[in-house]
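Chemist: Chain residues, written in single-letter form:
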Amino acid sequence: MNFTGLLFVLIGHFLSGRGTLAIFNIKLKPLITFLLSMILGVALLSLVPFIMQLFYIPITHTNVILGVAVLCLLLNIPTLIKLKNGNITMPKLNFNLQLYEIPVLLIFTIVMLVSIWRCFYYPPFARDMLSGPEAIAEFTVREKTMINSIFSLNLESTNNHLKPPYATDLQIIYKMLVSPFGQVWLSVLAVSFLIWAYAILREKLHPFIAGIIFLFFFTMPDPFAYTYIMLFDYSNMVFFFAGFYFLIQYLEKKQYNLFLFSVLLFGIATYIRLETLVLEALILPLLFFYFRKDKVPPVKMLIRFAIFLIVPFFFYEIWMGVFIKHYIPVHFNVDQELNKNFSNLSPFFERLGSMTKILIFGISDNPGQKDINLRLYGYFIYLFMLILIVDIIFYRKYFTLESKVALYGILVVYLGLPLLGYLIPWVDLMNTTKRGLYKMFPLMLLYMRNSGLLQMLSNNIRNWELPQIPGAKQPKTAMANAGQPKPAAQPNKKNKK
Amino acid sequence: MNFKKIILFVAACLILLIFFNTTFYGNWFQTKIYRAWESEAEVETFDYQWDHMDPVQRKIDKLSSTYTFSQQVAEFLKKKGAKNPLVLLPTQEYMKERQIDLIIPEPIVFYYHCGIKGAWYNSANVNQADWAIVAKNGELTIIPIENQPERDAIIASYKSAVDKANQAAGQPK
Numbered sequence: 000m001n002f003t004g005l006l007f008v009l010i011g012h013f014l015s016g017r018g019t020l021a022i023f024n025i026k027l028k029p030l031i032t033f034l035l036s037m038i039l040g041v042a043l044l045s046l047v048p049f050i051m052q053l054f055y056i057p058i059t060h061t062n063v064i065l066g067v068a069v070l071c072l073l074l075n076i077p078t079l080i081k082l083k084n085g086n087i088t089m090p091k092l093n094f095n096l097q098l099y100e101i102p103v104l105l106i107f108t109i110v111m112l113v114s115i116w117r118c119f120y121y122p123p124f125a126r127d128m129l130s131g132p133e134a135i136a137e138f139t140v141r142e143k144t145m146i147n148s149i150f151s152l153n154l155e156s157t158n159n160h161l162k163p164p165y166a167t168d169l170q171i172i173y174k175m176l177v178s179p180f181g182q183v184w185l186s187v188l189a190v191s192f193l194i195w196a197y198a199i200l201r202e203k204l205h206p207f208i209a210g211i212i213f214l215f216f217f218t219m220p221d222p223f224a225y226t227y228i229m230l231f232d233y234s235n236m237v238f239f240f241a242g243f244y245f246l247i248q249y250l251e252k253k254q255y256n257l258f259l260f261s262v263l264l265f266g267i268a269t270y271i272r273l274e275t276l277v278l279e280a281l282i283l284p285l286l287f288f289y290f291r292k293d294k295v296p297p298v299k300m301l302i303r304f305a306i307f308l309i310v311p312f313f314f315y316e317i318w319m320g321v322f323i324k325h326y327i328p329v330h331f332n333v334d335q336e337l338n339k340n341f342s343n344l345s346p347f348f349e350r351l352g353s354m355t356k357i358l359i360f361g362i363s364d365n366p367g368q369k370d371i372n373l374r375l376y377g378y379f380i381y382l383f384m385l386i387l388i389v390d391i392i393f394y395r396k397y398f399t400l401e402s403k404v405a406l407y408g409i410l411v412v413y414l415g416l417p418l419l420g421y422l423i424p425w426v427d428l429m430n431t432t433k434r435g436l437y438k439m440f441p442l443m444l445l446y447m448r449n450s451g452l453l454q455m456l457s458n459n460i461r462n463w464e465l466p467q468i469p470g471a472k473q474p475k476t477a478m479a480n481a482g483q484p485k486p487a488a489q490p491n492k493k494n495k496k
Numbered sequence: 000m001n002f003k004k005i006i007l008f009v010a011a012c013l014i015l016l017i018f019f020n021t022t023f024y025g026n027w028f029q030t031k032i033y034r035a036w037e038s039e040a041e042v043e044t045f046d047y048q049w050d051h052m053d054p055v056q057r058k059i060d061k062l063s064s065t066y067t068f069s070q071q072v073a074e075f076l077k078k079k080g081a082k083n084p085l086v087l088l089p090t091q092e093y094m095k096e097r098q099i100d101l102i103i104p105e106p107i108v109f110y111y112h113c114g115i116k117g118a119w120y121n122s123a124n125v126n127q128a129d130w131a132i133v134a135k136n137g138e139l140t141i142i143p144i145e146n147q148p149e150r151d152a153i154i155a156s157y158k159s160a161v162d163k164a165n166q167a168a169g170q171p172k
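Chains as they are written, first to last, in numbering that gives the first Met the number 0: chain A, 0 to 496; chain B, 0 to 172.
Derived from the structure by calculation, the hints contain no laboratory data.
The following label-pair restraints were derived from C-beta to C-beta distances:
id: 1; chain 1: A; residue 1: 388; chain 2: B; residue 2: 67; range: 46 to 56 angstroms
id: 2; chain 1: B; residue 1: 67; chain 2: A; residue 2: 320; range: 36 to 46 angstroms
id: 3; chain 1: A; residue 1: 105; chain 2: B; residue 2: 55; range: 32 to 42 angstroms
id: 4; chain 1: B; residue 1: 91; chain 2: A; residue 2: 302; range: 50 to 60 angstroms
id: 5; chain 1: B; residue 1: 51; chain 2: A; residue 2: 280; range: 45 to 55 angstroms
Here are some chain B residues pointing at chain A (derived, C-beta under 8 angstroms):
id: 6; residue: 4
id: 7; residue: 8
id: 8; residue: 11
id: 9; residue: 12
id: 10; residue: 14
id: 11; residue: 31
id: 12; residue: 107
id: 13; residue: 119
A virtual CB, placed ideally from N, CA and C, is assigned to each residue, including glycine.
Generate coordinates for the entire structure from the input sequences, incorporating the hints supplied.
Modeler: Here's what the structure looks like:
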C-alpha cells in the first residue's frame with residue numbers, strides 16, 4: 000500500500016468534489032459537505048484517464064498525477080477566486096454525538112473495518128470485472144493506453160469490455176498510485192455514503208430511532224458484500240439516490256442550482272450504468288406534476304425537461320457514441336441488444352411478477368430461491384413495508400413532499416427494473432435486477448426519516464429525554480414540514496390523549 | 000451525565016444484543032463478519048492475511064485454481080520457449096466429461112491472469128491455435144498442435160462434450 004499515493008488520491012477526491020459543490024453553490028453542513036465531496040470526488044477522478052484517452056494522452060503514472068491535479072485546480076477556480084477576495088469562512092465542525100449512538104456506530108465501525116480490509120486485501124474477483132473493466136485497467140497500467148491488447152482477444156464470451164469506464168478508470172488510478180489491486184475507492188465511496196445515510200436519518204429522527212433503522216440498513220447482506228466486491232451497482236445506487244435527494248431539495252426550496260446539481264448526479268449514475276437513463280426518463284412525470292403545480296411556464300418547463308435528459312444522455316453518448324464507436328476496435332450495435340418484439344408486453348409482467356415474488360417476498364418453488372429475499376436484503380424491506388402500512392393507516396396526513404417523492408422514486412425502481420428486463424433481454428433477474436433493487440433502499444431510508452410513526456416515536460423520546468422548555472427551538476420534523484400549526488400538534492402520545 | 004441518556008444507552012445495547020441474537024442476523028454476523036477473527040477456513044482470518052501480504056499469494060488464496068492453472072500454463076509455455084502462443088482452452092463440459100474438477104477461465108480472464116492469449120473451440124481465430132489443453136488419464140496436459148487434422152480432432156472432442164451436455168439438458172445442438 001502506497002500511503003502517499005492514497006493521501007494524494009483522497010485529497011484529490013475531496014478537492015474535486017468540494018470544488019464542484021462550490022460551483023453549484025451547494026451549501027451543506029460541514030460533515031455532509033465533506034462526505035458528499037468524497038462521494039462526488041470518486042466519480043470525478045474517474046473521468047481523468049478517460050479524458051486522457053479521448054485526447055490520446057499516454058496514461059502514465061506522471062500524467063495521471065498531473066491529470067488529477069489539473070482537474071482539482073480547474074474545479075476549484077471559483078473557490079480560489081472567492082479565497083482571493085476573502086469571501087470564505089472556515090466551517091465550524093460540530094459533532095454532537097450522543098452516548099446512546101455509540102453502540103450502533105461501534106458495530107458499524109467494526110463491520111466497515113472488515114469491509115475495508117477485504118476491499119484492500121482481496122484481488123478483484125467478480126467475473127464481470129475480471130472479464131472487462133479490471134482486465135482493461137490492468138493492461139492500461141502496463142501498456143499506458145485504454146485501447147490495449149485486451150481488444151486483440153477473443154471477446155465473444157463477454158460484453159463487459161463495453162461497460163462504461165467508471166470502474167476501469169478508478170482501477171487505473173488506484174493501481175498506479177495506491178495498491179496493486181486498486182479497489183480501495185469502493186471503501187471511500189461506501190463509508191462516505193453510509194455515514195451520509197446515517198446523517199440524513201439523524202437530521203429528522205431521534206438518534207436512537209435513526210440508529211435502529213440504520214442498523215437494518217447497513218446489515219443488508221447483499222449490499223454489504225458489494226461494499227468490498229467491486230462492481231457497478233453499489234456506486235450506481237449511491238449516485239441515483241444522491242440525484243433523488245437533491246431533486247427533492249430542489250422541489251422543496253425551488254433553487255435552480257439544486258436542480259442542476261441533481262441532474263449532474265443522475266448523469267454520473269448513467270455514466271456508471273448506462274441503463275439508468277431509462278429510470279431517469281420515468282422521473283419526468285414527477286417533474287411535470289410539480290412544474291404544473293408551481294405554474295412553471297411551458298417553455299421553461301421544456302428547457303428543464305431537456306436539461307434533465309440531455310446531461311445523463313451526454314454521459315451515455317460520450318461512451319457509446321464516441322468512445323465505443325470511434326476508439327475501440329470492436330464493433331458493437333446497441334440495437335442488436337434490444338428487444339425486437341415491443342408489442343409483446345408479457346416479459347415485463349413476468350419480470351415484475353418474479354421480481355416481486357422471489358426477490359421481494361422470497362416465494363419460490365425452487366428450494367434454492369426460497370427466502371432468498373432475506374438472504375439478500377435481510378428484514379429491511381419488511382421493516383419499510385411495516386412502517387409504510389402503519390403510516391398509511393394512522394399518519395396519512397403527515398406525508399411530506401420528501402416522503403411522497405421518495406415513494407415515487409421507489410416506484411420508479413420497482414417498475415423501471417422490469418421495464419429494463421423487457422427492453423434489454425440480458426438484464427436478468429438474479430444478477431442485474433437483484434442488484435438493481437439496491438437503488439430502492441436509500442430511498443426507503445429517505446421515506447422512513449419522514450415517517451409519521453417514526454416521527455411520533457422520535458418526538459416521544461425527545462420529550463422524555465429533554466422535557467420541553469417553553470420557547471425552545473424544536474428540531475425540524477415531518478410534521479412541521481407538513482404545515483402543522485404548532486409543535487403541540489405533533490402526534491406524540493400526550494397529544495393523542 | 001444525564002441519567003436518561005444512560006437509560007437510552009443501555010436500551011441501545013439491549014437492542015443490539017437482541018438483534019444479533021436473532022437467528023438471521025446472528026448467523027450473518029458470525030459467517031460474514033466474525034469470520035475475519037475466527038474461521039474454519041484459515042485464509043479468511045486477519046491473522047493469516049496479515050502474515051500473507053504478498054499479492055501473488057493473495058491471488059492464489061482468493062482466485063484459487065483458475066489463477067494457478069493460468070500461471071502454470073504460462074510457466075510451461077515460457078519454459079518451452081513458445082512465442083506469442085494461442086492456447087486452445089477446453090470447455091467446462093469437456094472438463095466435466097473427463098471428470099476433472101477445475102474451472103477453466105474464459106479467454107479474457109485467462110489473458111488477465113497470465114498474459115497468454117487463449118481461444119475457445121468456436122472462436123474466430125481457433126485455427127491459429129498452436130497449443131491446446133487436453134485431458135489424459137484424468138489429468139490436464141498442454142500439447143503443441145502440429146497440424147490442422149490434430150487441431151480439428153481436439154476441437155471435435157471439445158465440441159462433442161458440449162453437444163452431449165446440451166442433449167442431456169434437452170437443448171438442440
